[in-house]
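Q: Each chain is listed here by its residues.
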Amino acid sequence: MNIEMSAKYIIGIDLGTTNSALAYAALDTEKPGVTLLPIPQLVAPATVENRDLLPSFLYLAPKIEAASGAYDLPWATDREFAVGEMARRQSAELPERTVGAAKSWLCHSRVDRHQAILPWGAGDDVAKVSPVTAARRYLEHLVAAWHDAFPNDPIARQEVVLTVPASFDASARELTREAASLAGLPDGVVFLEEPQAAVYSWLTAMGDRWRKVMKVGDTLLVCDVGGGTTDLTLVGVAEEGGELVLKRLAVGNHLLVGGDNMDLALAHHVAGLFAKKGVTLDPWQSVSLWHSCRMAKETLLSPEGPKKHPVSVLGRGSKLIGGTVTVDVPRDSTIDLLVNGFFPKCAVADRPARQRASGFQELGLPYEADTAVTKHLAGFLQSHGPSDGEPIRPTHVLFNGGVFKADAMRTRLLDVLKGWFPETAPQPLEGTHDLDYAVARGAAYYGWAKVNGGVRIRGGAARSYYIGIESAGLAIPGAPRPLRALCVVPFGMEEGTELDVPSDSIGLIVGQPAHFRFFSSSTRKDDREGVRLQRWTDEELTETDSLEATLPKDDALDDNYVPVQFHTKITELGLLELWCVSTRGSGRWKLEFSVRDDAEPA
Amino acid sequence: MGRVFTAFRAFFGSLFNAETAARVEQALKGEGLPAPQPLVAPPTPELKPIEVKRPEPKKPTQSEAITLLATLQREARLVDFLKEDLSGYADEQVGAAARAIQRDSAKVLERFFALQPVVADEEGARVNVPAGFDAARYRLTGKVTGDAPFAGTLQHHGWEATKCELPQFTGSDSAAKTVAPAEVEIG
Chain Y
1 MNIEMSAKYI
11 IGIDLGTTNS
21 ALAYAALDTE
31 KPGVTLLPIP
41 QLVAPATVEN
51 RDLLPSFLYL
61 APKIEAASGA
71 YDLPWATDRE
81 FAVGEMARRQ
91 SAELPERTVG
101 AAKSWLCHSR
111 VDRHQAILPW
121 GAGDDVAKVS
131 PVTAARRYLE
141 HLVAAWHDAF
151 PNDPIARQEV
161 VLTVPASFDA
171 SARELTREAA
181 SLAGLPDGVV
191 FLEEPQAAVY
201 SWLTAMGDRW
211 RKVMKVGDTL
221 LVCDVGGGTT
231 DLTLVGVAEE
241 GGELVLKRLA
251 VGNHLLVGGD
261 NMDLALAHHV
271 AGLFAKKGVT
281 LDPWQSVSLW
291 HSCRMAKETL
301 LSPEGPKKHP
311 VSVLGRGSKL
321 IGGTVTVDVP
331 RDSTIDLLVN
341 GFFPKCAVAD
351 RPARQRASGF
361 QELGLPYEAD
371 TAVTKHLAGF
381 LQSHGPSDGE
391 PIRPTHVLFN
401 GGVFKADAMR
411 TRLLDVLKGW
421 FPETAPQPLE
431 GTHDLDYAVA
441 RGAAYYGWAK
451 VNGGVRIRGG
461 AARSYYIGIE
471 SAGLAIPGAP
481 RPLRALCVVP
491 FGMEEGTELD
501 VPSDSIGLIV
511 GQPAHFRFFS
521 SSTRKDDREG
531 VRLQRWTDEE
541 LTETDSLEAT
551 LPKDDALDDN
561 YVPVQFHTKI
571 TELGLLELWC
581 VSTRGSGRWK
591 LEFSVRDDAE
601 PA
Chain Z
1001 MGRVFTAFRA
1011 FFGSLFNAET
1021 AARVEQALKG
1031 EGLPAPQPLV
1041 APPTPELKPI
1051 EVKRPEPKKP
1061 TQSEAITLLA
1071 TLQREARLVD
1081 FLKEDLSGYA
1091 DEQVGAAARA
1101 IQRDSAKVLE
1111 RFFALQPVVA
1121 DEEGARVNVP
1131 AGFDAARYRL
1141 TGKVTGDAPF
1151 AGTLQHHGWE
1161 ATKCELPQFT
1171 GSDSAAKTVA
1181 PAEVEIG
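Protein sequence lines correspond, in order, to chains Y and Z.
Position 110, counted from 1, in the first sequence is what our numbering calls 110; the numbers after and before it change by one each time, with no gaps.
Position 90, counted from 1, in the second sequence is what our numbering calls 1090; the numbers after and before it change by one each time, with no gaps.
No lab work stands behind these hints: they were computed from the structure.
Treat each hint with caution, since some may be false.
Claimed, not checked - If you want a taste of the chain Z side facing chain Y, the calculated C-beta under 10 Å gives, among others:
#1 Thr-1071
#2 Glu-1110
#3 Arg-1126
#4 Pro-1130
#5 Ala-1175
Stated by the list, open to error - Listed next, the stretches of chain Y that the computed footprint assigns to chain Z, with coverage defined by at least 3 CB atoms under 8 Å from CB atoms of chain Z:
#6 489-498
#7 542-552
#8 561-568
Backbone N, C-alpha and C define an ideal beta-carbon position, used for all residues, glycine too.
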């Protein structure tokens, strides 16, 4: 039966760094009615509650705890881990057993993302998991929540859109796809960049009125500051065949700074206030302080917030009043700390401070050395300007992420932009903004519009990609051969297209894996396929996971090596495929990211 | 009389109906009567696979009152607060703790019950109590004479739950009565 096979729902999944969400819409409707799915999750041992957000945390329980069935869910028994709100709480008290920020690990190419390395720094008694497995667990939970609510509409038969940060490169996307497929999502899951999803959410809320708000030549800056990451994107408005069309112009790098940094900064500040009163907080109280500061931040930063707000940390034992300590946190110093600390006024020519190697640097996630979001924004606008030294000027700003619930943050960012472009200050987009759920909702809307028709943002590849090739020549002992970068994917290459990369033939040895270094650039937009770069700066090209291909020994081939050229394809689902094509025969071999050495068993 | 009537029935029945005759014959011979043929064939029962239902172990349950208490304790430390002897503390100390407990308890109430006033008007306003009002939703005080509708001053706007969504308990029998586990820091 055909009808049964075709999808009934479009499902949008926001797999966030700190929170995930699922929104869905029926496909056979005239207008997209997007709804959030309540997600049953453990909020405490043996206590399951519905929440709209699933915190992206994974708690790995000791065997003895797990045996009691305390982590069972309506759909699963004998669980040795927990995902969601309870895991988030545990992350503060039992960091050694809790995985957080798995998504940022997914795009951290200095570690093997299939190795069981999380929680980072945990002892050997913890059954660690890989970043891919952690992402899989979150997605599995969402899939199970869907099946719990819609037992007759298996998710494998629905249309699914999964959002990824715009800053995810090809290998991080590939790893996400792997986690999605292990979690039981359909093979045809479509990837959508998060800031674009936020734009779709706005478009849905506006209906056709958006055409009155934006006009040809306008540029929209999407500034998405989530719990753990900051994602920047530029979307332009153009005209094609008399119709307004949206085009994604540029995306920023993966910036590890977000709302959690702000909570922590305030907690640190308040701990200092306690210290002045002679109160030293133990680790458990620090966790409680972090929680109190998150609440205090919302109160203090609200437009008519009080001049000062008491922050208390309750005593730990059952006698809580005697152990309770309190300080008054002034509004002025909080605004100063958070707004000036994270959105400082700066010039558009400013750049974020570079990462400094210090003695106590950990090998963990590469958190931003400079927490000034405005400086990162300045660098982003500069690198995508019409010419060197001239920044691109956005006409509109769309805010996304919980950080922008605070008026003070939005106002400051707009002020800074106004300082950079005094004549024509970028305007915030009108309309209501759902800062927490816009990405999931927008993903569902995008999927709906894909089937039923509606505005689409045209994008294509957000980066150009390069294969590193050692140049031939006389070898000099001790010196590496000079490396050239061959452009194999031009910026903006559209989904569903493929191309041959013109180049000299490259010889691949038969019967053993051939490795290629692989680079990407979000700023070199004019390199066409086949362009060879002799030199580049670290800022221009970022090295990502290497690629490899193994050519099987073939008796029909006389030689030990095969001359090949490259062929590039971007699938309709937004995944990049690179092929080596023999220039002598008909052989084709796919290049795979060499990150799958130690894939964990399912 | 009964026997005469039965005899007549047997006689005339046997005379005009072969089936009755056969049955009387059998009765006279003292044989068991075959079951009378029903006029309409009974519906053939559908062939169903026999379900072997394993008796499901009874799932442990938790009183929702305990679930609510446990949540208020976990998220707001309310039970600790209510159980504590306040006599040794200054009002300021109690106030400092109460602020945090009140804030977090209110969040739980909002999430589980989304409490709303029964009457939307400001307290102190003149309000009408309609004819046929629900006595569970209005409590009348003062001079109440005659029948509704009444008019009066709103003293308390009342509260009602607009939903009731408590967490689901999935634990064991021994966990069902735990409001807060004992905390032990190892090491």
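Q: Give a verdict on every hint.
A: Going down the list of hints, with the structure as the test:
1. Thr-1071: holds, 8 Å
2. Glu-1110: Not OK, violated: Z:Glu-1110 not within 10 Å of chain Y, min 13 Å.
3. Arg-1126: Since the shortest Cβ distance to chain Y is 31 Å, the answer is violated.
4. Pro-1130: Since chain Y brings no Cβ nearer than about 36 Å to Z:Pro-1130, farther than 10 Å, the hint is violated.
5. Ala-1175: Holds, about 5 Å.
6. 489-498: violated (count 0)
7. 542-552: violated (count 0)
8. 561-568: violated (count 0)
Checked against the numbered hints listed earlier, the structure breaks hints 2, 3, 4, 6, 7, 8; every other hint is satisfied.
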